[in-house]
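The hints should help you fit chain U onto chain V, whose structure is shown.
2 protein chains.
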Amino acid sequence: MTKTDTITPCLLLDTARMTRNIERMRTRLQTLGVALRPHVKTCKNVDIARQLTAGQPGGITVSTLAEADYFFEHGMTDILYAVGIAPSKLPAVAERMGRGMSMRIILDHPQTASAVARAAGELGARFRVLVEIDADGERAGLRADAPELLEIATILERAGCHVDGVMVHAGGSYHCNDAEGMRRMAETERASAVEAAERLRQAGHEAPIVSVGSTPTATFAADLTGATEVRAGVHVFQDLVQAGLGVCEIDDIAISVLTEVIGHRVEDGRLLVDAGWMALSRDRGTADQSVDQGYGLVCDEAGRVLDDIIVTGTNQEHGIVGKRNGSSLNLGDFPVGTRLRILPNHACAAAAQHDGYWIVDNPDQARRWLPRCRGW
Amino acid sequence: MTKTDTITPCLLLDTARMTRNIERMRTRLQTLGVALRPHVKTCKNVDIARQLTAGQPGGITVSTLAEADYFFEHGMTDILYAVGIAPSKLPAVAERMGRGMSMRIILDHPQTASAVARAAGELGARFRVLVEIDADGERAGLRADAPELLEIATILERAGCHVDGVMVHAGGSYHCNDAEGMRRMAETERASAVEAAERLRQAGHEAPIVSVGSTPTATFAADLTGATEVRAGVHVFQDLVQAGLGVCEIDDIAISVLTEVIGHRVEDGRLLVDAGWMALSRDRGTADQSVDQGYGLVCDEAGRVLDDIIVTGTNQEHGIVGKRNGSSLNLGDFPVGTRLRILPNHACAAAAQHDGYWIVDNPDQARRWLPRCRGW
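Residue numbers (my numbering), protein chains in the order written: chain V, 1122 to 1497; chain U, 1122 to 1497.
Calculated from the structure, these hints are not laboratory results.
Be aware that one or more of the hints could be misleading.
Just a few of them, taken from the derived set where beta-carbon distance is under 8 angstroms, the chain U residues facing chain V [said to hold, decoys possible]:
hint, residue
1, Thr1129
2, Leu1186
3, Ala1207
4, Ala1261
5, Arg1264
6, Gly1292
7, His1385
8, Ser1402
9, Gly1458
We put the CB at the ideal spot given by N, CA and C, even for glycine.
One chain only, chain V, in its complex shape (with noise of 0.2 angstroms):
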């Protein structure tokens, strides 16, 4: 397919900002010296995720039994399956685990250890377990002091499943302000872990694994002595959320909606485009940042990110852009049937509504499609 034969609205992929989005990251865990365990619920694709494990151990980190299967028959086995498991998927995990894949499961809750003990006497399993530990106390997991931590363990070893060790996601770095806040953060997520590793190790569990990290946190962290990995994923491509953050530059953002101008009121400020919530998804991550994106930053065909126009509301399949402050623009200079760029607020939500991507940047100009997996 060339590019003139793509059907707008879709979702293109810039590969050399990708590629030094990847570097970046790695050289950073480098110099912490710790691996990486890319979350691949950003990429959804293999090649993509090869790029990411390249150089590391190969170990990924999956949010459902989906992804787990698409990347299990493309050749990765070493799956961490980073969502609190539901009981009712122990049997599917214990099929998998008969096929080959090496898939550890998290939870956090003496309720889940017990039905996960249940499992691996009725199915004959020794699953291979980590302890979600909470370092924010906005989601999941347990407090590194909880009691109930070494009762999970206990319950778990008793039924002969493995208490691999613990893993944490800050996931309260993306309410940060600054910089030194995320370090802070980062801190906090690390020193959690370890403690609940260390009570672990001190009451006889083995626990070799100590997983931590978000973007933000694996982006910032001074110092990650006594983890063993990290996982991040939206560093792969970035988006408005990281860019508010600090996280990244605009111009690391390496996926955008390609759309054409439909109409035009130029009068009432505003122009409407073919991509809407259902190619750009309802996230507002922004909302809540110093700078509001909208549903998503404006960049001419070519990438080039237009003076303060965003896409400031969305239908299923109509984006209406406008103008912000006091940009110098006339959209009376985009009449229907020009292409634009739209920048997503949250990568993983904006990916999440297209079926692959075509990248962009190869030298003869034609587009090359890169599939993601779906559903669960």
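Here is chain U on its own, set in the frame of chain V:
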């Protein structure tokens, strides 16, 4: 597949409720003496579309070429593509017309009309066009008295294209506060379309089609004299936004997301479930209504609404569930492994996150799968 095999999260469809919704709209439009051209962007499934068009002329409304292709492959030929046409898609439209698809396109700008006229000449295609009319100032369309209306018609007819009439969508109906407001909006929608069609006819254009509608205006219109068809789509499933508007009752909502409790922080007032924004969408359409339903209203596995429990937050594959107001329930009564159903804010957006529906009300209690089409 049986119920217990279902991997969570997944989308459930209660066909008894859906049938009731379809019948109610059919009866309403019969009383008003107008045909339904259902918008199938909500359901994206041909079995449901056939139920929607039963007893109607058979035409459908779509929002993407991918929908047009899918429904055409299943034998539906009369298709209104109700998003302002992007000039680059005209060759694709012409190609489909050549294969027997009776597709109508819409536009609202002389620039687009000129692009259509040019493409008609280059491709030898006599495009069939409805001019989009604006009834609420919110998105697209010409005002009914705009001089460009006749300019557009002249450009198109000179190029051998058919000016088949007008269409209007009063999306402003979603911002009405009560039935009377929606009734007035329906009348504005009708009157704008009829006025524009009359202007075309007085200028010598045939303009047989006067297409109006949205689910709220179709539900509350008192009179549709002069309209030849009504477009509505969300009514097939209904949702929390429609319930908040008074268009339906909560009990009419026919789709829900099945999820499982994966974690617990009863002391912090929250449950974690395995349905995040990937399964629910990021839509927050009730945020501006009098009752904010968060990311969805929580029901038990059988679909009974629980007392004021909503999804208060989402991450990609995590939903955070909490109590609202003075809910009488104890979150501790929903242990890990409990299955729940979540009613969505916006049916189109939630359904778009899934590849299909599991029908839950089959007599044999097995789940039957209905696929959805995707993409652009």
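Going through the hints against the structure:
Given the 8 angstroms rule on beta carbons, the hint for U:Thr1129 holds: about 6 angstroms separates it from the nearest Cβ of chain V. Satisfaction of the interface hint for U:Leu1186 is found here, the shortest Cβ-Cβ separation to chain V being roughly 7 angstroms, below the 8 angstroms cut-off. Against a cut-off of 8 angstroms between C-beta atoms, the interface hint on U:Ala1207 holds, since the closest Cβ of chain V lies about 4 angstroms away. At about 5 angstroms, the closest approach between the beta carbon of U:Ala1261 and any beta carbon in chain V falls short of 8 angstroms, and the interface hint on this residue holds.
Residue-level restraint check for U:Arg1264 is violated (minimum Cβ-Cβ distance to chain V is 11 angstroms; threshold 8 angstroms). Hint on U:Gly1292 holds. Least Cβ distance to chain V is approximately 7 angstroms, under the 8 angstroms limit. Checking U:His1385 against chain V: minimum C-beta separation of about 5 angstroms stays under 8 angstroms; hint holds. For the restraint placing U:Ser1402 at the interface with chain V, the shortest Cβ-Cβ distance is roughly 6 angstroms, inside the 8 angstroms limit, so the hint holds.
Nearest Cβ of chain V to the Cβ of U:Gly1458: about 4 angstroms, under the 8 angstroms cut. The hint holds.
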